[in-house]
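2 protein chains.
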Amino acid sequence: MHGFYSPKLTPSGREVHLPADESRHAIQVLRLGVGDQVLLLNGHGVRAEAVLDAVDYRRHTATTCRILQAVAVPRPLPHITLFIAPPKSKNIDAVIRAATELGAAAIVPVLCRFGVAKPDLDTTANWTRTVIAAAKQSHNPWFPEIKAPITFTDALKTAGAHGFFGAVPPPAGAPCPAALTATDQQQTSLWIGPEGGLAPEELSALNAKGLQPLTVGQWILRVETAVPALLAVVLDRCRPLPTTPTRDTVG
Amino acid sequence: MHGFYSPKLTPSGREVHLPADESRHAIQVLRLGVGDQVLLLNGHGVRAEAVLDAVDYRRHTATTCRILQAVAVPRPLPHITLFIAPPKSKNIDAVIRAATELGAAAIVPVLCRFGVAKPDLDTTANWTRTVIAAAKQSHNPWFPEIKAPITFTDALKTAGAHGFFGAVPPPAGAPCPAALTATDQQQTSLWIGPEGGLAPEELSALNAKGLQPLTVGQWILRVETAVPALLAVVLDRCRPLPTTPTRDTVG
Numbered sequence: 120m121h122g123f124y125s126p127k128l129t130p131s132g133r134e135v136h137l138p139a140d141e142s143r144h145a146i147q148v149l150r151l152g153v154g155d156q157v158l159l160l161n162g163h164g165v166r167a168e169a170v171l172d173a174v175d176y177r178r179h180t181a182t183t184c185r186i187l188q189a190v191a192v193p194r195p196l197p198h199i200t201l202f203i204a205p206p207k208s209k210n211i212d213a214v215i216r217a218a219t220e221l222g223a224a225a226i227v228p229v230l231c232r233f234g235v236a237k238p239d240l241d242t243t244a245n246w247t248r249t250v251i252a253a254a255k256q257s258h259n260p261w262f263p264e265i266k267a268p269i270t271f272t273d274a275l276k277t278a279g280a281h282g283f284f285g286a287v288p289p290p291a292g293a294p295c296p297a298a299l300t301a302t303d304q305q306q307t308s309l310w311i312g313p314e315g316g317l318a319p320e321e322l323s324a325l326n327a328k329g330l331q332p333l334t335v336g337q338w339i340l341r342v343e344t345a346v347p348a349l350l351a352v353v354l355d356r357c358r359p360l361p362t363t364p365t366r367d368t369v370g
Numbered sequence: 120m121h122g123f124y125s126p127k128l129t130p131s132g133r134e135v136h137l138p139a140d141e142s143r144h145a146i147q148v149l150r151l152g153v154g155d156q157v158l159l160l161n162g163h164g165v166r167a168e169a170v171l172d173a174v175d176y177r178r179h180t181a182t183t184c185r186i187l188q189a190v191a192v193p194r195p196l197p198h199i200t201l202f203i204a205p206p207k208s209k210n211i212d213a214v215i216r217a218a219t220e221l222g223a224a225a226i227v228p229v230l231c232r233f234g235v236a237k238p239d240l241d242t243t244a245n246w247t248r249t250v251i252a253a254a255k256q257s258h259n260p261w262f263p264e265i266k267a268p269i270t271f272t273d274a275l276k277t278a279g280a281h282g283f284f285g286a287v288p289p290p291a292g293a294p295c296p297a298a299l300t301a302t303d304q305q306q307t308s309l310w311i312g313p314e315g316g317l318a319p320e321e322l323s324a325l326n327a328k329g330l331q332p333l334t335v336g337q338w339i340l341r342v343e344t345a346v347p348a349l350l351a352v353v354l355d356r357c358r359p360l361p362t363t364p365t366r367d368t369v370g
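Respectively, the protein sequence lines represent chains U and R. Quick note: to get the working numbering, add 119 to the position in the first sequence (first position is 1). Quick note: to get the working numbering, add 119 to the position in the second sequence (first position is 1).
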């Protein structure tokens with residue numbers, strides 16, 4: 120089923136108008152029409168199955184959807200903020216798509232000493248379009264928030280004390296770092312440095328804040344691989360533990 | 120430092136000739152010359168730092184490297200076989216690159232009932248070229264082996280009893296599956312089905328063999344995200360536990 124961004128969708132609404140560009144995409148590109156079923160996402164957790172109910176086939180921009188069933192999906196835990204030194208523009212798209220599919224809560228472009236890209240607010244507005252496209256494809260009703268670019272020092276001030284940073288793998292044959300077990304963690308962060316690496320003072324600051332170095336595998340990862348791989352490990356390690364009520368837990 | 124494929128490299132060699140295409144890439148594309156330092160990988164665990172020692176600047180195809188230091192890198196554990204229903208050709212490149220960077224031991228194209236691509240041996244020869252490119256970039260001396268395409272039934276026969284398959288995420292709000300802790304596992308596998316999903320009889324066969332369903336996040340992942348994300352979780356869960364010799368372990 121095709122997904123559409125519908126910012127005005129509420130859990131109790133009976134019908135909703137699609138934004139002009141979503142409407143145009145539905146009617147002109149996908150050739151949908153009255154009676155076709157669609158998935159609507161408001162970006163803040165509401166998701167609905169709906170049917171196209173009224174369509175302006177001439178102007179393409181006025182489409183009304185009748186809601187069949189809407190649901191407010193709880194925000195998934197853990198709530199991960201991805202702090203990332205933006206890579207070159209050809210790679211940022213893959214990074215934002217992966218972070219959206221995996222359910223990052225926010226993406227913060229961090230200006231690091233060895234960073235190669237210094238995005239402005241126009242650039243990050245484009246990133247929001249990538250988030251919307253990826254969220255529609257993955258059916259994620261919670262769109263990651265794209266924050267304004269910020270310096271490393273300011274980013275670290277806003278960050279919580281729990282989190283991980285992508286580190287250089289240990290030398291081949293070196294003993295593995297201690298295996299962490301899964302823990303119930305609601306708020307965490309993942310920091311991904313630039314291609315040239317984090318500067319020594321940036322690494323020291325991350326360590327001093329209590330963030331943990333994270334590696335996966337033994338080889339150098341491109342940023343397009345590092346983001347999905349390390350986000351997945353953070354999700355897996357921090358996810359809510361199942362509550363199995365037993366006699367021992369009573370009292 | 121630029122990496123090159125050097126299949127004849129041995130841990131004890133003093134010099135080695137680059138294959139013609141690697142030589143041409145070094146001299147004609149990267150404009151390297153005598154005295155430039157390079158990284159050599161033989162694809163079977165040997166890695167060397169070397170300098171270009173003799174270069175034919177006219178034909179570009181005869182380059183000799185003098186080995187400075189060669190090392191036989193132990194094969195990383197766990198040894199993961201990636202069984203994958205090949206996606207459309209535009210996406211397979213990203214999948215093979217990610218699997219190579221993360222250190223998969225082998226990639227097996229599996230012909231599933233709902234698979235969209237049926238690669239032949241010419242196609243998988245191209246995949247080997249992608250493996251070499253990704254291994255050089257990630258400095259991985261252990262190239263994943265690309266196996267011949269095989270039917271689902273035959274693939275399952277060759278697979279070991281330990282492994283995971285990419286599963287559909289549980290419905291939003293459903294309780295999380297039990298958190299697995301890391302275990303010391305030497306051989307494992309990851310199965311990634313086609314875009315249309317695994318057929319019911321394929322899922323039953325994977326379950327019957329004892330393989331475990333694996334999900335990360337709550338939303339639908341494109342194959343380019345699923346492969347690095349799930350490979351990373353398998354690596355993290357199965358990696359060797361650190362050996363901390365204490366009195367309790369003696370006797």
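Do not rely on the hints blindly, as some may be mistaken.
Copies of the same chain are indistinguishable here, so a pair counts whether it falls within one copy or spans any two.
[As the list claims (entries may be wrong)] With a Cα cut of at most 30 Å, we get these calculated BS3-like pairs of lysine-lysine: (1) K127 <-> K276; (2) K276 <-> K255; (3) K207 <-> K255; (4) K255 <-> K237.
Bear in mind the hints are in silico, worked out from the structure with no lab data behind them.
Hint numbers contradicted by this structure: Violated hints (numbers, rising): 1, 2; every other hint is consistent with the structure.
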